[in-house]
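Chains B and C: place on chain A using the hints.
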Amino acid sequence: MKENLYNYILGIADNSLILGQRMGELCGHGPSLETDIACTNISLDLLGQVRSYFQYAAKIAGDDRTEDDIAMLRKERDYKNVLLVEQPNLNFAHTIARQFLFDVYHLAFLAELQKSTDLTLSAIANKCIKEVSYHERFSSDWVKRLGDGTSESKEKIQEAINDLWTYTDELFHQTKADKAMVLESVGVDVTKLKDDYYKRVKDLLEEATLKIPDSKWFQKGGKEGIHTEHLGYLLTDLQYMQRTYPNMEW
Amino acid sequence: MSKKNWPLWEIFVRSKNGLEHRHFGSLHAADAEMALENARDVYTRRNEGVSIWVTESKHITASNPENNGELFEPAQDKVYRHPTFYDLPDEVKHM
Amino acid sequence: MSKEQIKNLETQFEARISRDEKIEPKDWMPEKYRKTHIRQMSQHAHSEIVGMLPESNWITRAPSLRRKVALLAKVQDEAGHGLYLYSATETLGISREELYNQLHTGTAKYSSIFNYPTVTWADMGAIGWLVDGAAIINQVPLCNTSYGPYARAMVRVCKEESFHQRQGYEIMMKLANGTMEQKDLAQDALNRWWWPSLMMLGPTDAESIHTEQSMKWKLKRKSNDDLRQQFIDQTVPQAELIGLKIPDPDLKWNDERGSYDYGKINWDEFWQVVKGHGPCNKERMRARVGAWEEGEWVRDAAMAYAEKKQERKEKQVV
Numbered sequence: 002m003k004e005n006l007y008n009y010i011l012g013i014a015d016n017s018l019i020l021g022q023r024m025g026e027l028c029g030h031g032p033s034l035e036t037d038i039a040c041t042n043i044s045l046d047l048l049g050q051v052r053s054y055f056q057y058a059a060k061i062a063g064d065d066r067t068e069d070d071i072a073m074l075r076k077e078r079d080y081k082n083v084l085l086v087e088q089p090n091l092n093f094a095h096t097i098a099r100q101f102l103f104d105v106y107h108l109a110f111l112a113e114l115q116k117s118t119d120l121t122l123s124a125i126a127n128k129c130i131k132e133v134s135y136h137e138r139f140s141s142d143w144v145k146r147l148g149d150g151t152s153e154s155k156e157k158i159q160e161a162i163n164d165l166w167t168y169t170d171e172l173f174h175q176t177k178a179d180k181a182m183v184l185e186s187v188g189v190d191v192t193k194l195k196d197d198y199y200k201r202v203k204d205l206l207e208e209a210t211l212k213i214p215d216s217k218w219f220q221k222g223g224k225e226g227i228h229t230e231h232l233g234y235l236l237t238d239l240q241y242m243q244r245t246y247p248n249m250e251w
Numbered sequence: 166m167s168k169k170n171w172p173l174w175e176i177f178v179r180s181k182n183g184l185e186h187r188h189f190g191s192l193h194a195a196d197a198e199m200a201l202e203n204a205r206d207v208y209t210r211r212n213e214g215v216s217i218w219v220t221e222s223k224h225i226t227a228s229n230p231e232n233n234g235e236l237f238e239p240a241q242d243k244v245y246r247h248p249t250f251y252d253l254p255d256e257v258k259h260m
Numbered sequence: 018m019s020k021e022q023i024k025n026l027e028t029q030f031e032a033r034i035s036r037d038e039k040i041e042p043k044d045w046m047p048e049k050y051r052k053t054h055i056r057q058m059s060q061h062a063h064s065e066i067v068g069m070l071p072e073s074n075w076i077t078r079a080p081s082l083r084r085k086v087a088l089l090a091k092v093q094d095e096a097g098h099g100l101y102l103y104s105a106t107e108t109l110g111i112s113r114e115e116l117y118n119q120l121h122t123g124t125a126k127y128s129s130i131f132n133y134p135t136v137t138w139a140d141m142g143a144i145g146w147l148v149d150g151a152a153i154i155n156q157v158p159l160c161n162t163s164y165g166p167y168a169r170a171m172v173r174v175c176k177e178e179s180f181h182q183r184q185g186y187e188i189m190m191k192l193a194n195g196t197m198e199q200k201d202l203a204q205d206a207l208n209r210w211w212w213p214s215l216m217m218l219g220p221t222d223a224e225s226i227h228t229e230q231s232m233k234w235k236l237k238r239k240s241n242d243d244l245r246q247q248f249i250d251q252t253v254p255q256a257e258l259i260g261l262k263i264p265d266p267d268l269k270w271n272d273e274r275g276s277y278d279y280g281k282i283n284w285d286e287f288w289q290v291v292k293g294h295g296p297c298n299k300e301r302m303r304a305r306v307g308a309w310e311e312g313e314w315v316r317d318a319a320m321a322y323a324e325k326k327q328e329r330k331e332k333q334v335v
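Protein chains in written order, with our numbering: chain A, 2 to 251; chain B, 166 to 260; chain C, 18 to 335.
Treat the hints with care, since some could be wrong.
[Stated by the list, open to error] Using 27 Å as the maximum straight-line C-alpha spacing, the simulated DSSO-like pairs for lysine-lysine come out as follows: (1) C:LYS330 / B:LYS223; (2) C:LYS49 / C:LYS126; (3) C:LYS233 / C:LYS39; (4) A:LYS221 / A:LYS180; (5) B:LYS223 / C:LYS326; (6) A:LYS155 / C:LYS330; (7) C:LYS325 / B:LYS223.
Don't read these hints as lab results, they were simulated from the structure.
From a predicted model like this one, the values you see are computed outputs, not experimental measurements.
Bound conformation, chain A alone (with noise of 0.2 Å):
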């Protein structure tokens, strides 16, 4: 199996599996039906391209193994997504934050990856970056409605980008499986996208009336496997129809 592409693909869906997870939880409980729609919609595109990326890491390991085992049936320090995403909802200042900041990462990564030489690769990269480019409108919007709308709503996105500010910096970081993509123009150089993306959050931001973080510290770990406390709970609920009641189809 070749197993760096293998590794590579798993470290793209990873983020939009974590993420469409925590989208999802969402469901049922935004601030309006309109929000709500909104949101389970970004959750349903998430989804829709881990499938893709899965179900062509599937086929890569060349064994019987699905797109579900490898959702559902990877131990907590084989997931391969940045810290960012594993951050929980815990209000929706937080998840508008969390949003912008991946989606800005994400857009200008699909842009990239619809170079990628391989061509089932840069097929998903096509499908996704419209769907990406809509989200990162719709929580860029947001940052700004929030941003600029009440006081009580400023203070509320300002503490959450400061809070998610120390994961950003993690998106940049190559694994060895990224490094022997790049080699093969197989992969992104993410290396290469970390300058326009603090400007674009920037810019953003300042366009919010919001004071840009200035911490210099960044949290890392996740693309090694090495997560948060939050990464095992959500796995718990992932997980759990697969573990009780193993190798049935549904």
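For chains B and C alone, kept in the frame of chain A given last:
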């Protein structure tokens, strides 16, 4: 702090192969951008190549239906009954 | 306006309906028509959004990615249905806020079925198959109802609803044809959702006060008992097809009637649940009230932002 409710917007959608925009329904949004985003999410879920028009319901002037001259002011009529127009009688509160 | 004039208008109004003409928001209508429609349409809308809760309960725990996205899409549809129905209700001159207030204070009702808990994954199948099945029976006739906005909302709802029932039945079918454990899951869910689904079609007609007027206004085509019989007759074969047993020892095919005889419904339970004493009434309300109240700062922020933008635009023009 003024507590205002999100105004009501009317949504018109033209599908990819359609010739004109059709009225799809209404929804609440704080401003036009949100109305467009909400309309996309609610009325055109995952449909590509559609065109969406949104306008606040209060900006629509409707022609008068024929049979009710007695009860409504002529001309310049709005599409919906306004919530403030009626004092909800007690009966509505009891099911 | 004189009593005679009103009588005149009422006669013309009823004549329009019997000619199958649609009544639109700004048409003259008897006050009773307006109030009845607000009651029924808002109850329908409330049911859709409260109905999101028992099902969204299993989104994070769906057993496969395919089931997860299908369930998400279904619940999202229900939010959309709630939206269509609230919007249609608002055309009668009541605000969204007032409608939510009625729901949150318990003044307005929603379908009692959603006060039952979803305890296993199989409940997702049972709800789609039985609850949506019963809902469809109620809803299809409403596509021809007299009030225009309601009819149009229902056409849209019905189009999307058929996918819901198929999805639920498919879940049950897969379970019933699976391992012993899965089959047990399916049978258990059917056992728990069967009777509440029968009750969902409404109290027996002797106890239903709204029937006659509703029929005239095309809010109702058949009586509750007739709809219930229709539901049973169509569902029993569906259960037999996948090897599941309806939990009714008195269920028996009656050749003479060409229908199934069935056991007595526990109407006590129904009225208790309607009054607020079902297993999940409090949780459902807590969730809805919570979401609305916790969302207030968000909605306020959006309005404040919109107003600021508008002010800036106006200043620029000046």
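Verification of the hints:
Annotation: proposed proximity of LYS330 of chain C to LYS223 of chain B holds, straight-line Cα distance about 20 Å (limit 27 Å). At roughly 18 Å between alpha-carbon atoms, LYS49 of chain C and LYS126 of chain C fall within 27 Å of each other, so this suggested pair holds. Of the supplied pair hints, the one linking LYS233 of chain C and LYS39 of chain C holds, its CA atoms being roughly 13 Å apart against a limit of 27 Å. A threshold of 27 Å between alpha carbons decides the hint, and for LYS221 of chain A with LYS180 of chain A the separation of about 17 Å falls inside it, so the pair holds.
Between LYS223 of chain B and LYS326 of chain C the CA atoms are separated by roughly 19 Å; this keeps the pair inside 27 Å, and the hint holds. Pair hint LYS155 of chain A plus LYS330 of chain C holds up; C-alpha atoms about 22 Å apart against a cutoff of 27 Å. This hinted pair checks out: LYS325 of chain C and LYS223 of chain B have alpha carbons roughly 20 Å apart, not beyond 27 Å.
Figure legend: structure checked against the earlier numbered hints; every hint is met.
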